[in-house]
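Enquirer: Dock chain B against the given chain A, drawing on the hints supplied.
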Amino acid sequence: MRKMVVLLVAVMMLVGTFNVLAQTAEIDIFISMPEYADPINELIDTYQEEVNNEVEINYETTQSDYPTLLKVKLNSGDIPDLFASTSGKEIELYKEYSYDLSGEPMMDTMLPSVKKAMADADGNGVYGFAIKGNYFGLIYNKDLFAQAGIEKFPETISEMETAIEKLEAEGITPFTSGFSEWWVFKHLFQHFLVAAEDDVQALVRDFENGEASFSDYPVLEDNFFHFVDLVVEHGDNKILESSLNTEISQFATGQAAMVIGQGPWIEDSLIQIDPELNIGFTGYPVSEDPAESQVISGADQAVRVSSDSEDLDAVLDFVNWWYTSDYGKSWFTDVAGVVPPIEVEIPEDYYQIIQEGIKASEEKGSAPLAIIYSTDSFHSAFGEAMQTYVGGNATKAETIETIETKWQEIDGSN
Amino acid sequence: MIFENKKEKYLFTLPAIFMVSITIYLPFLISSYYSLTEWNGIDREAKFIGLENFKTIFFENNQFFDVLIFTGNYTALFMLFSNLFALIIALVLVQKLKTAKLLRGIFFVPYIMSMIIVGFIWKFIFSQGFARLYEITELGLLNLSWLGNSELAFYSVVLVGVWQQLGFYIVLYIAGLQAIPGDLLEAATVDGANIFQKFFKITLPLLGPSITVCMFMSLTRGLKVFDIILALTQGGPGGSTYSATLDIYREAFQYNNYGLGSAKAIIFFIIVLILTQIVLKISRRNEVEL
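For the record, the sequence lines run as chains A and B. Take the first sequence: its position 324, counting from 1, is numbered 323 in numbering that gives the first Met the number 0, and each next residue is one higher. Take the second sequence: its position 201, counting from 1, is numbered 200 in numbering that gives the first Met the number 0, and each next residue is one higher.
For the record, the hints were derived by calculation from the structure and aren't laboratory data. You may find that some hints are simply not true.
What the hints assert, rightly or not - The calculated lysine-lysine pairs, modelled on PhoX-like cross-linking and capped at a C-alpha distance of 25 Å, are:
# : chain 1 : residue 1 : chain 2 : residue 2
1 : A       : Lys237    : B       : Lys122
2 : A       : Lys405    : B       : Lys5
3 : A       : Lys94     : B       : Lys122
4 : A       : Lys328    : A       : Lys131
Isolated chain A (complex conformation) (with noise of 0.2 Å):
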């Protein structure tokens, strides 16, 4: 009796230490984004499927309140190993927790404009990857520009001026805004803000530094301030209650010709409301070039892996066998439908504006991302201004200073 006890304990211990041995590698992964929650489960179950089922990983999502939630994560020592941010200058804010991705074999896939989002401030390194790439121009609707009579969109402001005069003649109202959400007026300015300077990055660095005023670039001075003006003209009733749904609404049931500052993401509840629509997606006329009016393409969000990972390893595996594999990269456009980061074919009946965003950019080029470069904090304060100035409440010289000082004062290395 006595040795069967022993053998069961002996038995036990030996269980135990195999246990600890064949101990698992876990992955927390807590980002944005809550859209993408179901493409990314399946991602996480093919993965555990078929690559790799020892592996635990444990996903979180939230939308509001994310960066808040993450700072007390890494305020409490809790890192996650996968994290978001979003690209381009708040790179170099969690530069100290992320791990330079430049040496995995995901690179061979990853996009040379995404690749550029994820660099630091001295353009070295790629310290994050992207779920998705984006698109930012107009958004038009090709049956009332056709009802219109305007065969061409327009790509100079005199041009847009006049297509204004035809839809407005067949009771079209030519914009819908959004014009009560901060991060409108940051999508529409970047446009002209990538046609004010070919090096958009040292612009910026330069307006943060107070080196650079719009006084010397007529094309922010004139041609934004000029473009806004049309848009509250011929626009939206009570323009600063305007807000996302407004425009979505607006548009899809054609009682507006374009829309200011979105983009693919705003397909779905586009096609809920109208399946037949028939979009456009171009470049902002931003000066009397049409070649400087240009879709802009890039990744505006950042998923980081964190430098601290106990289990880096595996985590590594995880994000480069999603860069690589062929589930991986298909996965982009089949399950999560969205503007692929990597190099791959495009299905042919794919999103409106994603084909029309790649066509393009094929026939015109495209321009850098350059929201990237500044903090939401300063577009926030940025939107602020713009929208005193479309109240009425401040002349155009008063928000051009307002809007360099907040660019020195928030985004300044002080």
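Expert: Then chain B, alone, in the frame of chain A:
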């Protein structure tokens, strides 16, 4: 006395003191420290910079004063309207109305709804609701941009704040009114006092304790206003409806100036402390006892 032993009394308060300390006093002390540092909320180390943050707030940037003025205006209007309307409605609801109980319930419903939900409901009313009503009635008032115009947005926020909180103060005033002895009012009627004399000479003075409580509650709630603005305007349009608490939140968590945000919070705390003490003193002085 339940506790004969003094030691026992202190012993039983210990858990409460402990919990309050770690959830209120300790964080307060920690933010006091952060108000003396420059920290973005992310770096592992906060940099000690002394009173630099307070200097920035007082001398370099007048934006915090605009926010305080907004909060002051909001609080003043909020206190005035919520107490005035609550008292009037309470006076009606203590009369022998058939529907009094039902009406009390109806007025109390907004109070049990979450502020954020109330905010979204009103956002809908101000935009789509008013637009449709304008189509039917053609009243110019309904076609104004209630949330899109920086002056109107202020009144919209006050209106929704009062509408949501009113039920709470009505209940307090009803309780106060019911506690007033009926024989006093009857005696006054016999003496030939009219309805206004009865209200101003008897009811109002005897309502003192209720008024003190309501004034105090509406003052602190007015000063702390946050969620209703977040849901309705998010501080917009053009930053014209930022309250002090919303501005502190924005500074610390959106602009990543944790130190500066903490400094603002400390200043705001001191202002609230002084204001509440003054209001409490004044209304206590005006109370009468039978």
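Enquirer: Take the hints in turn and mark each one as holding or not.
Expert: Status of the hints after comparison with the structure:
| no. | hint | verdict |
| --- | --- | --- |
| 1 | Lys237(A) <-> Lys122(B) | holds (13 Å) |
| 2 | Lys405(A) <-> Lys5(B) | violated (60 Å) |
| 3 | Lys94(A) <-> Lys122(B) | violated (40 Å) |
| 4 | Lys328(A) <-> Lys131(A) | holds (12 Å) |
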